[in-house]
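A.B. asks: Start from the sequences, fold in the hints, and give me the full structure.
Sequences listed follow chains E and C, in order.
Count the first sequence with our numbering and you get residues 257 to 632, in order.
Count the second sequence with our numbering and you get residues 257 to 632, in order.
No lab work stands behind these hints: they were computed from the structure.
Since we're looking at a predicted model, the values are computed, not measured.
Hints may contain errors.
The list treats identical chains as one, so a pair stands whether inside a single copy or across any two.
[What the hints assert, rightly or not] DSS-like, lysine-lysine: derived pairs with alpha carbons at most 30 Å apart: (1) Lys630 x Lys359; (2) Lys435 x Lys363; (3) Lys359 x Lys576; (4) Lys524 x Lys359; (5) Lys267 x Lys347; (6) Lys391 x Lys439; (7) Lys574 x Lys341; (8) Lys547 x Lys340.
2 protein chains.
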Amino acid sequence: MKLLILQEKLKQGLNIVERISSKSLTLPILNNILISTEKNFLNLAATDLEIGINWWVLTKIEKEGKITIPSRLFSNFINLLPNKKINLEVKDNSLFIECENYKTQIKGLSAEEFPIIPKITHGDTISIEISSFCKSLNQIADIAVPSTTRPEISGIYFLFQKNLITIAATDSFRLGEKKIFLKSNSPLEKEYSLILPQKTAKELINIFNEKQGELKMHFSPNQVMFEYPMEETPHAQIQVVSRLIEGEYPNYQEIIPKKCTTQLILNKDEFLNQVKTASLFSGKINEVKIKANPEEKNIEIFSQSSEIGEYQSSVSAKTKGEPLEISFNHRFLLDGLLSIKTPEIIFELNQESGPGVLKAMGDDTYIYVVMPIKAS
Amino acid sequence: MKLLILQEKLKQGLNIVERISSKSLTLPILNNILISTEKNFLNLAATDLEIGINWWVLTKIEKEGKITIPSRLFSNFINLLPNKKINLEVKDNSLFIECENYKTQIKGLSAEEFPIIPKITHGDTISIEISSFCKSLNQIADIAVPSTTRPEISGIYFLFQKNLITIAATDSFRLGEKKIFLKSNSPLEKEYSLILPQKTAKELINIFNEKQGELKMHFSPNQVMFEYPMEETPHAQIQVVSRLIEGEYPNYQEIIPKKCTTQLILNKDEFLNQVKTASLFSGKINEVKIKANPEEKNIEIFSQSSEIGEYQSSVSAKTKGEPLEISFNHRFLLDGLLSIKTPEIIFELNQESGPGVLKAMGDDTYIYVVMPIKAS
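C.D. replies: Here it is as structure tokens:
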């Protein structure tokens, strides 16, 4: 292999694939990045056996070939080079790198040992606008938790129905659900549902967050592939393939309350700040109590711990329905508030033991359901 | 105790004293902050028994008194309040805090149990310009390392001679020395030398880094006190008292080479970047080799590791004296380069086993001496 590439371009690719390489003691090659040529393209690839990432760039290939080298070292090294032409050449199982007055060689492992990253070449495909996809996933991805007894809820649930995508996640204490309406003219013929590993969801956000345009999603029974097109050429620039989590996602719809007994409309930042402040006094069970009385123009927030002291504050609110005292874990309440970006929120409550629902004011596409701490 | 204070002011004071409070299991009161009144001033104090900090602010005292409360909690809480008037009141061993629609009480411990923070009321005093003091200390403070066998070198050495202060630190692999010339008209009558704990040096930088004006330094045999005056009043705003490290500081002057066999003049950023890049290939002993030949207009940098690979680069340099190959620990070289702020540096070398000296071009007040890795 022998080729020329600009430092800036190589750096971009490395920053995308490098994060996936894992420190694996049993399979050291997973710590490496696969560097290979494909016609006029340089290809970088990395995998942790759950997720595989391929990145391509059009460049000047003088001689085809391939090698794998330690990804962290390669990425750190390239990041420190000046933005000039870099000469990459494979000789004697090493990668020789020359750039201006820098000259190095990095020992590699044979490309033959690198695991094959699967591609999905047929089956249904949809197109999603990237920024809305990343924003939506961002609202949901952190809610899932690793669970060995219930592996389904350690992933993010996706349901595809014609031109509607529903994304949901829960850790059994709270649940988030987001709907994305596709503008695309080619709705899916049949319904698909899948459970995406949380790690894949977070990597997708990382990789595509700043990108513009459309992301293509390819379906297969056990895997899903996300593809980002390359400008000016028909070739993809980035492909992310992920295994899916097997199993049936819980029927979470039945947890979402269809009505409420008390409704609060609150300024999000004020409420958020008071919950945060109350959390300092909430003791070991993280309990923050909310007292709402529709006759008042505000709600009260309480917390206390026998060791620390007592907290009380109030925030102005539009209140409808029955008076109520209800307690929440402040962490779950804060996560929900932080996932909403509008200045005003709607907080719907269902007596002291029913789930609460947070919604963004004027946005029906997102809900956050949070279970209360039941009075003992 | 009962008083009124603006949130912004209280926050400023807490951010200064709070850091000193330590999580002490044997003496839980050290985790607390002492809040007390002194005539028209509110006083906050914290200590870890090595360093003590006092902070005062002029405010409206309705009733004198004092209490100690957990410092982290108090500081976190005050930071989250709006910038409005805060009412502080001590009742039943608790501090009651009211601010707008917030109302809390924090359980305290008796102020009588709080250790007394000593004050130095007589003895010699000098005035130092704060920004030059903090910048100088910043160049030196990180070099010291905790040492149980040689406690002296775990501190920062200060020598006061008339209107010259010399600050030095070493970890026996490298040494930094900085000279500060005082503009003050009241030079000290006699010489003082002392060893300041590294933690105190770092706290001084933290507290005073952004401040303007003069810092007063008071001497006593076992302690030193730094005092920052309060605007408009004769009272101090901040007092930091620190114990000193006992013992005799090593006569480090004899390590500093008086001449050199090879002199290099280098662009700091270029050299720094290449040492950083070389460090990626330097293996377990952190060795980076420099090859200088006065006939060339550059120096070469090498590193290698049997596991990783090989590195080589060159950086343009003005070279005088003998040709030379010398190896350094890249961490020590990088620390030295990072402590110099000028665009050009002078690197003086003394054959392959003598110490190297880094200097800022055009600044004789600072030197950084670094021991080479001797060829085995």
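A.B. asks: State for each hint whether it applies.
C.D. replies: We went through each hint and held it up to the structure:
1. Proximity of Lys630 to Lys359 under the C-alpha cut-off of 30 Å is restricted to the inter-copy arrangement: shortest distance 25 Å between copies versus 66 Å within a copy.
2. For the identical chains of this complex, Lys435 and Lys363 are neighbours neither inside a copy (48 Å) nor across copies (47 Å), given an alpha-carbon limit of 30 Å.
3. When the C-alpha separation of Lys359 and Lys576 is checked against a cutoff of 30 Å, the pair qualifies only between copies, where the shortest distance is 25 Å, while the shortest distance within a copy is 71 Å.
4. Taking the closest pair of Cα atoms, Lys524 and Lys359 come within 30 Å of each other only across two copies (20 Å); inside a single copy the shortest separation is 55 Å, beyond that limit.
5. Proximity of Lys267 to Lys347 under the C-alpha cut-off of 30 Å is restricted to the intra-copy arrangement: shortest distance 22 Å within a copy versus 62 Å between copies.
6. In this assembly of identical chains, the alpha carbons of Lys391 and Lys439 lie at most 30 Å apart only when taken from the same copy (16 Å versus 58 Å across copies).
7. In this assembly of identical chains, Lys574 and Lys341 lie within 30 Å of each other by CA distance solely across copies; the values are 27 Å between and 62 Å within a copy.
8. For the identical chains of this complex, Lys547 and Lys340 are inter-copy neighbours only, at 25 Å across copies versus 63 Å inside a copy, given an alpha-carbon limit of 30 Å.
Figure legend: structure checked against the earlier numbered hints; the only hint not met is number 2.
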